[in-house]
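Peer 1: Letter by letter, the chains look like this.
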Amino acid sequence: MGQLIEVSNVSHRYDRHLVLEDVSFSIDEGAFVGLVGPNGSGKTTIIKLLLGLEKLQKGSIEAFDKPIQKFANKGHISFVSQKANSFNRGFPATAKEVVGMGLTSKIGYFKPSQKKLEYLIFEALDLVNMMEYANTNIGDLSGGQQQRVFIARAIVNKPSLLILDEPTVGVDTENVENFYKLLSDLNKQLGISLILVSHDIGSITTHVTDLLCLNKTIHYHGNPSDFESMTDEQRSQLYGHDMHTITHDH
Amino acid sequence: MLDAMLSFELLRNTFYTGLLVGLIAPLLGTFIVVRRLSLIADGLSHVTLAGIAFGLFMQKKYTLLFFTPFHTGIFFAIGGAIVIENLRSIYKAFQEIAIPITLSLGVGMSVVFIALADGINTDIFAYLFGSVAAVSRSDLYVILFTSVFVIFVIIFLYKELFALSFDEEFATVSGIRAKLIHYLFIVMTALVIAASIRIVGVLLVSALMTLPVATAIRVAKSFKQTILYSIIYGEVAVITGLISGYYLEIPPGGTIVIIAAFLLGATLLAKKFYFSYKYKG
Ligand SMILES: Nc1ncnc2c1ncn2[C@@H]1O[C@H](COP(=O)(O)OP(=O)(O)OP(=O)(O)O)[C@@H](O)[C@H]1O
Ligand SMILES: [Mg+2]
Chain A
1 MGQLIEVSNV
11 SHRYDRHLVL
21 EDVSFSIDEG
31 AFVGLVGPNG
41 SGKTTIIKLL
51 LGLEKLQKGS
61 IEAFDKPIQK
71 FANKGHISFV
81 SQKANSFNRG
91 FPATAKEVVG
101 MGLTSKIGYF
111 KPSQKKLEYL
121 IFEALDLVNM
131 MEYANTNIGD
141 LSGGQQQRVF
151 IARAIVNKPS
161 LLILDEPTVG
171 VDTENVENFY
181 KLLSDLNKQL
191 GISLILVSHD
201 IGSITTHVTD
211 LLCLNKTIHY
221 HGNPSDFESM
231 TDEQRSQLYG
241 HDMHTITHDH
Chain B
251 MLDAMLSFEL
261 LRNTFYTGLL
271 VGLIAPLLGT
281 FIVVRRLSLI
291 ADGLSHVTLA
301 GIAFGLFMQK
311 KYTLLFFTPF
321 HTGIFFAIGG
331 AIVIENLRSI
341 YKAFQEIAIP
351 ITLSLGVGMS
361 VVFIALADGI
371 NTDIFAYLFG
381 SVAAVSRSDL
391 YVILFTSVFV
401 IFVIIFLYKE
411 LFALSFDEEF
421 ATVSGIRAKL
431 IHYLFIVMTA
441 LVIAASIRIV
451 GVLLVSALMT
461 LPVATAIRVA
471 KSFKQTILYS
481 IIYGEVAVIT
491 GLISGYYLEI
501 PPGGTIVIIA
511 AFLLGATLLA
521 KKFYFSYKYK
531 G
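Line by line, the protein sequences give chains A and B. Residue 58 in our numbering is what sits at position 58 of the first sequence, and the numbering runs on without skipping anything. Residue 304 in our numbering is what sits at position 54 of the second sequence, and the numbering runs on without skipping anything.
To be clear, the hints were calculated from the coordinates, so they are not data collected in a lab. The model shown is predicted, which means the values in this text are computed figures rather than measured ones. Where a beta carbon is used, it is the ideal one built from N, C-alpha and C, also for glycine. You can trust all of the hints, since none of them are fake.
To spell it out: a stretch of chain B is covered by chain A in this simulated footprint if at least three of its residues, at any positions, have a beta carbon under 8 Å from a beta carbon of chain A; those stretches are:
{"id": "1", "segment": "405–414"}
{"id": "2", "segment": "420–430"}
Restraint ranges, calculated between C-beta atoms of paired labels, are given here:
{"id": "3", "chain 1": "A", "residue 1": "LYS181", "chain 2": "B", "residue 2": "TYR266", "range": "58 to 66 Å"}
{"id": "4", "chain 1": "A", "residue 1": "ASN88", "chain 2": "B", "residue 2": "LEU518", "range": "18 to 26 Å"}
{"id": "5", "chain 1": "A", "residue 1": "SER11", "chain 2": "B", "residue 2": "SER354", "range": "39 to 47 Å"}
{"id": "6", "chain 1": "A", "residue 1": "PHE122", "chain 2": "B", "residue 2": "TYR524", "range": "25 to 33 Å"}
{"id": "7", "chain 1": "A", "residue 1": "GLU174", "chain 2": "B", "residue 2": "ILE332", "range": "50 to 58 Å"}
{"id": "8", "chain 1": "B", "residue 1": "SER354", "chain 2": "A", "residue 2": "LYS58", "range": "40 to 48 Å"}
With the rest of the complex left out, here is chain B (with noise of 0.2 Å):
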């Protein structure tokens, strides 16, 4: 089954990227789900896609090739990410109004560029919901770099990340600095989106990241492993949801998300059973 795909440069690419995004989507995501970030993540994925739109549309326009679609949404989605914890500590009280604005935002931008580049072709429906086909070399660089980064970030300030998900005000007291770690935090939602996308969609990132983690929640006894868990059910979820996707010619990100629900469903199941078993006797 994988021979396929690992004997085409472009498909391995594509199962490489899946790899990675399947470890550094949950990852991050098990942070943003404790801090109650999930509509966030789904407000920066449409940014995201305003900022694709705009380089299809610079593509189709000036023939400009140095910057990929990729990489201008890379670069909306970090400035989208910037905006973000600024309407986060403007409207200290309720922080979530940064979601519409954000959302609406993006997909108002996204609907222009779309119709400037000449509408709805095949490029901007493999963003929308992903694709197993054409992640170039120099695509899988930029998102092995996101992901070593972003690694190396979270195992360093890991202790800072997990105290100020938890509390923020303890942690500000104990000489944490709550405000540049929590742009970088966002700056690097903006980053595993950005990367997530070429795999999953933007429409299902936020999926992505929040699935796994959901499930892994009711099964982790602590927090280091509901991430060790995270990780485990979005490699599956990826792994497979590529492959069958491959096969049955289904963008993958539909592919992914339902393996993803379905292990949550079957998780919860086989948690209320063993529950229900063991207080019977």
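In isolation and in its complexed conformation, chain A is listed as follows (with noise of 0.2 Å):
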């Protein structure tokens, strides 16, 4: 199994305030991994290196095999944002339409066929449940339902690595637990790699096959069973003082 991110003493400030200091980790192919950290944390920072949207300081990242500032991003890598839901509601087009903005970077020279491109946004669209709303205005649906359309827009294009920040805010809980079936899913049946950035470290070892804890820096990696058999002290050591207030048991 290769790796296709790795990460090495990476720091980052904004202006004064320093944000990440000296994190190093690396995502191996096929990985499904939880980063966690209370609020302010820096996990979003660091999701913005990965993705190339806010410009390294310090230390290097590496995106399969290259290092990020030479990587071209042609749908190796997509995301879900954590604003996604805070989009313009008045903005008119159809669920179909913005799953098929996750096509862009299909389209360019070897332009593939209308007809081509529309079974892949379909494809996406059944493969979060939401074929019957394919011509539905994205501002008419729920929060839910909005949240697995921006997920087909980040899947329609077959990434290799998939990074969710934090996309379960404001769904209800019956549809958390199937969003994280569907993330398994994808993980397991098309081999998609992942990282799901989740303050609620106690709904998420269940599914993770690696568990990153982060505040400024890495507290914890490895496995997500190891961290669950430890004791409440232990983790509070590892991760900061307000690690337990939002652990749960399932």
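Fit the two chains together into the complex; they arrive one by one in their own frames, and the hints show the way.
Peer 2: So this is what it looks like as structure tokens:
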């Protein structure tokens, strides 16, 4: 199994505020990584660095064996943003059109036929169980349904790595479970590697293969079951003070 | 009715210009509205006015004939577009600050050049409110070229423009060169504004870019439909507005915008009645 992402000694600051300090970790092909940490711990920042949305200041990041500065994303990495459902709700676009936006990098000199593109869009909508809403306006869907459409948009291009930044905010408990099941399927059946950002450790440990605890630096990286078997005290030492308050048993 | 318009060359040129403008203004306007840039179009049109006033002044002072006020208007519009885009990336958190800056600077410069060119005359009046008269053949060619360019770019970069308008972050991650396309977009906006000013005038150009879109959004089911309906509403407003403006001897900017607003009101009402009818049974 190869490595998709290798982060070494990355530090990052906004103005003078140091947000990440000497962060190193790597992500293997096929992994389902849970990235957890309290508010403001730097989760979104590290994601933005991986996606090239924030400029690397210190340390190095390799994506698909290329330095991130040189890595031109042609659909290898895709993501669902933390703000995904804070878009302009009046935007006149159907679910189908939104999913189609995930195919932009496919379009260029070797443009696949309209039929093929359409097929890919329906395939993605089907995977997230949103087929019947293909022609519904995105603003007319519920929060959880919109989230599914955004996931379809992120996977329509068959990425190798899918990054999701707190995708379950605003999704009810029952749908959260379905949602994790969907992610597991993407991971196991389509072989898409995943990074799932969350501050709810309790509900993701059963699904992920790797757990990464971040609070400015990496406090834990390893097997979720080892993490589960630790005592609260050990965990809070690893992770920071407020950790046990957001763990709950399932 | 159309006879008179089509038998005089200048009027015919005006009519063709109207047809082109009725197409490209709502076409680009759809993207402008969903990106919430409607007011920026207003800022740009006033910068264009400054360019036109500058051209009038130069004409008066140095009898420059190679560059007409129309040309200087285009140059100013493009310059203004680049300034706006830079302001928008400098003030990321409150991008609308670009509007008062460019709008007031545009008006300020217009006043100065108009005064230097000996005050308000009929020329300036035509640029403010539009005119049915006098689109020269060379101006028509410039507008035709602009239209072909805009249509070509939008067809070729449709997916990119659409994705960027909806979600800039995602578009950037999927490898779209956001910065380049933003510049291209705002320059196209400048060109469309400069072209439309011949017909609807500086003060009403943003209305032609937004009113048809506002109407279309209420009835369209998808983004592509929104574009299509916007163009239809835009063409109806421009054609009927031009003809009625010609016969009533009113600047067409006024008639076009009133018709566009009427279409909006009628559509909203029709939709309301349709729904109340539907839900009653
Ligand atoms: N663009 C920015 N400019 C300045 N400071 C920022 C910026 N983005 C984030 N920060 C700061 O960096 C720190 C880490 O932010 P980040 O968004 O990475 O946290 P997070 O772990 O994703 O938090 P959350 O769980 O709330 O999403 C925060 O203290 C935040 O205030
Ligand atoms: Mg975050």
